[in-house]
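Novice: Given the structure of chain L, go ahead and fit chain C onto it with the hints provided.
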Amino acid sequence: MISRVILALAAQCLALSAVLMCGGCGSKGERALNVVGSTSIQPFAELLAQEYEKKNTGKQVDVQGGGSTAGLQAVANDLADVGMCSRSLKADEITRFSQVVIARDGIAIVVNKSNPMHALTLDQIREIFAGRITDWKEMGGKPGPIRPITREEGSGTRESFVHLVMGKDRISRKVLTQESNGAVKELVKGDTAAIGYMSLGLVGEELSALVINNAAPTSENVLAGTYTLSRPFLFVTDGEAKPDAQKFIDFVLSDDGQCLLEMEGLVRVR
Amino acid sequence: MKQDKVISTILFLVALSAISGLALITVFIFKEGVPIIARVGGRQFFLSSDWDPGLGHFGIFSMIIGSVAVTAGAMVIGIVFGLGLAIVLTQFAPRTIAGMLKPAIELLAGIPSVVFGFMGVVTLVPLIRTYLGGPGLSVLASSMVLGIMVLPTITSISIDALQAVPRTYWEGSVALGATRWQTTHMVLLKAARSGIVAAAILGMGRAVGETMAVIMVAGNTLEIPRSLLDPTRTLTSNIALEMAYASGDHRQALFATGVTLFVIIMLLNTVALAVSRRRSGRGGVR
Chain L
1 MISRVILALA
11 AQCLALSAVL
21 MCGGCGSKGE
31 RALNVVGSTS
41 IQPFAELLAQ
51 EYEKKNTGKQ
61 VDVQGGGSTA
71 GLQAVANDLA
81 DVGMCSRSLK
91 ADEITRFSQV
101 VIARDGIAIV
111 VNKSNPMHAL
121 TLDQIREIFA
131 GRITDWKEMG
141 GKPGPIRPIT
151 REEGSGTRES
161 FVHLVMGKDR
171 ISRKVLTQES
181 NGAVKELVKG
191 DTAAIGYMSL
201 GLVGEELSAL
211 VINNAAPTSE
221 NVLAGTYTLS
231 RPFLFVTDGE
241 AKPDAQKFID
251 FVLSDDGQCL
261 LEMEGLVRVR
Chain C
271 MKQDKVISTI
281 LFLVALSAIS
291 GLALITVFIF
301 KEGVPIIARV
311 GGRQFFLSSD
321 WDPGLGHFGI
331 FSMIIGSVAV
341 TAGAMVIGIV
351 FGLGLAIVLT
361 QFAPRTIAGM
371 LKPAIELLAG
381 IPSVVFGFMG
391 VVTLVPLIRT
401 YLGGPGLSVL
411 ASSMVLGIMV
421 LPTITSISID
431 ALQAVPRTYW
441 EGSVALGATR
451 WQTTHMVLLK
461 AARSGIVAAA
471 ILGMGRAVGE
481 TMAVIMVAGN
491 TLEIPRSLLD
501 PTRTLTSNIA
511 LEMAYASGDH
521 RQALFATGVT
531 LFVIIMLLNT
541 VALAVSRRRS
551 GRGGVR
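Those sequence lines, one after another, are chains L and C.
Quick note, in the numbering used here, the first sequence goes up one by one and the last residue is 270.
Quick note, in the numbering used here, the second sequence goes up one by one and the last residue is 556.
In isolation and in its complexed conformation, chain L is listed as follows (with noise of 0.2 Å):
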């Protein structure tokens, strides 16, 4: 928690000290190039902007958090060369900026492992989560209250879940709220009637990830599209990219970045 809030603020500071350097160099030198958006994908672009300048001496990437939307906005207004936004493009965007999807992120529907249930379907798991279903029994697993745990306003996760998953339909008030996939994963790990959801690649070896509409959680599953739970991991452009993106974007593109990306927990799209 405190570790996001420093980053949000780190994120600022060097947003505005961005702004600063660029109003001041201008055409001195090579320019950095700038990467700002979603902080769901901040963390990888991040690690991708390592090693990319490890490979290109003398290259430089700047990554910035701010929000999907708000990354968009920077393309748009020419303050940034790539925009990352971690959900679709809505339909007026997708004319007006061209996108690739450099990954995807599922998102686990988790239990506790000593949980018999191994399937839910995506209604069931609405129904949880807005307080209408509240036993177990009542999907034929083993009598008890249901415990969900949700995450909190503001979570990308959590956007992608109520867009995915919810709809019209609003969380419930009883829902437990946790501050990051690591406290929600250690109250499912403890607790035999929690249900939670979260990034995917977390979910490890002590979680059991639930089976929906048939579709088992697995790398392959989100790629092909039959598990729906997932969200894309886009970096946007204005137009064509400038030849200085483009080299970044296909190394993202390329075997290392996908290794990277897929080592972190990613789904990778080559």
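Treat the hints as calculated values from the structure; they're not laboratory data.
Note that the Cβ used here is the ideal one computed from N, Cα and C, for glycine as well.
The reader is advised that the hints may include incorrect statements.
[As the list claims (entries may be wrong)] For each label pair, taking beta carbons as the anchor points, the in silico distance ranges come out as:
#1 Leu402/C - Pro43/L: 36 to 42 Å
#2 Gly225/L - Leu378/C: 50 to 56 Å
#3 Asp322/C - Glu205/L: 34 to 40 Å
#4 Glu205/L - Ile295/C: 43 to 49 Å
#5 Glu376/C - Ser114/L: 42 to 48 Å
#6 Thr218/L - Glu376/C: 51 to 57 Å
#7 Phe282/C - Pro43/L: 43 to 49 Å
#8 Gly291/C - Gly58/L: 39 to 45 Å
Specialist: Coordinates of chain C only, in the frame set by chain L:
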């Protein structure tokens, strides 16, 4: 002489900067927070439990109740154990044991709150879940963690208050034939009453303001808790949970939550100050 003046000026400026920091913070959170309260309406903001920033619903009633419930629980635990410790350490424990116990309790104040929270999640929460039921993350768990966290404050100030009672009171009481315990609860506790009240109120201030440990063990639901085993969300956790991404009205509403907290803590501190002033002003048994 001249040196004196320079140094005193420098010290004055340093002191001033510390206070102006406080003034700036006050002005800033009020400037950010008050407009949204005005816009949403005080009644809606303070008396509704409907908090859904995405839809523009800002009601913090359940969190006010959460803060009050958790703090009240912490005070029960903190006062029973803190005052008990203070009495034992000043009246009953041999000097050597008291000399060891007091620093140990003060050491407790130096442990970071995340550590308390983590201990709560790892040990206390599973115990409550297994033996008492419910999700474990609860008002009870938060109260217990906070109760332990305020122990050092309550104990050390109560000790000071008890030690400040003139020795003659004790001697007089014992000379009249009262036992040690009778002397303690009939004379000493009465004489030190205002100091002990001040200790409790300062401890309460700490409990209301604590954030990290509470986020970890309270469960952070938006529903008003109906029992000790229900989870809850406090004012402080609400701010810390959602601050990182909040913007616009949502951010302002978090500042307004801060304003509410600020007012509550100011009130508590003012009461504490007033009570402890009365002690130093008059003191003694009536």
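Novice: Work down the list of hints and note, for each, if the structure agrees.
Specialist: Evaluation of the provided hints:
{"no.": "1", "hint": "Leu402/C - Pro43/L: 36 to 42 Å", "in the structure": "holds (39 Å)"}
{"no.": "2", "hint": "Gly225/L - Leu378/C: 50 to 56 Å", "in the structure": "holds (55 Å)"}
{"no.": "3", "hint": "Asp322/C - Glu205/L: 34 to 40 Å", "in the structure": "holds (36 Å)"}
{"no.": "4", "hint": "Glu205/L - Ile295/C: 43 to 49 Å", "in the structure": "holds (46 Å)"}
{"no.": "5", "hint": "Glu376/C - Ser114/L: 42 to 48 Å", "in the structure": "holds (43 Å)"}
{"no.": "6", "hint": "Thr218/L - Glu376/C: 51 to 57 Å", "in the structure": "holds (54 Å)"}
{"no.": "7", "hint": "Phe282/C - Pro43/L: 43 to 49 Å", "in the structure": "holds (47 Å)"}
{"no.": "8", "hint": "Gly291/C - Gly58/L: 39 to 45 Å", "in the structure": "holds (44 Å)"}
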